[in-house]
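Q: Here is how the chains run, residue by residue.
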Amino acid sequence: AQKVTQAQTEISVVEKEDVTLDCVYETRDTTYYLFWYKQPPSGELVFLIRRNSFDEQNEISGRYSWNFQKSTSSFNFTITASQVVDSAVYFCALSEGVITGGGNKLTFGTGTQLKVEL
Amino acid sequence: DAGVIQSPRHEVTEMGQEVTLRCKPISGHNSLFWYRQTMMRGLELLIYFNNNVPIDDSGMPEDRFSAKMPNASFSTLKIQPSEPRDSAVYFCASSPPTLRGNQPQHFGDGTRLSIL
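If you read the protein sequences in the order shown, they are chains A and B. Once you know that position 104 of the first sequence is 99 in the numbering used here, the rest is easy, because the numbers rise by one and skip nothing. If you want the numbering used here, it's the 1-based position in the second sequence plus 50.
By construction, these hints were calculated from the structure, which means they are not laboratory data. The reader is advised that the hints may include incorrect statements.
[Stated by the list, open to error] Keeping only pairs whose Cα atoms sit at most 20 Å apart, straight-line, the calculated SDA-like set for lysine to any residue is:
1. A/K(-2) - B/D106
2. A/K(-2) - B/G92
3. B/K118 - B/Q130
For reference, chain A alone in the conformation it holds in the complex (with noise of 0.2 Å):
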């Protein structure tokens, strides 16, 4: 069975200080793709990343940037110089395996919530 855990649930930072939400996931699967969602105030999910079983190169979009390490099954997400937009639910997610021609069921982590404070 897959789980994803996110242990923080609720983080409070000052603008421009760097935040690092952490996940760990399990899987019996040698394939699997995690995700992370952001679900801002206003209810909606938006899809940040996807990181491939067979990809460990850590990824950098803007202030965004993800480690992954599948030594310890983190898929960590940090963001720089945090603003106050920023703050928002944020979700892990792991997808098993692959499925030809169609899509596979996320399993969510239970979210962190993010406070930037000015």
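Following the hints, complete the assembly by docking chain B onto the known chain A.
A: Frame of chain A; chain B shown alone:
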């Protein structure tokens, strides 16, 4: 391009009534997912379809819940009879064909359901 469209955005109804939630996936997407979000259980998958065929409905709570996808551009999630514990935000998501691995799911804005 239009995203995933869900209706209604909000629904308030009395216990025992039938509730129907609707979803229009992104054009060209062949997978459709229904999720439910509550404070107690977080985000959980209810059911998903590939090419209009239900693949996994193990998350459907009980027989009161049913879902259909009659064509590639429309799906419904029905609760009959509704109960207060069904109160939640229901999300529909769709994803494109998996030409290169599992693709990101794109979510609708959700339906906030309140059963009194």
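Q: Each hint should be assessed against the structure and marked as holding or not.
A: Hint-by-hint comparison with the structure:
no.	hint	in the structure
1	A/K(-2) - B/D106	holds, 17 Å
2	A/K(-2) - B/G92	holds, 13 Å
3	B/K118 - B/Q130	holds, 14 Å
Of the numbered hints stated above, none is contradicted by the structure.
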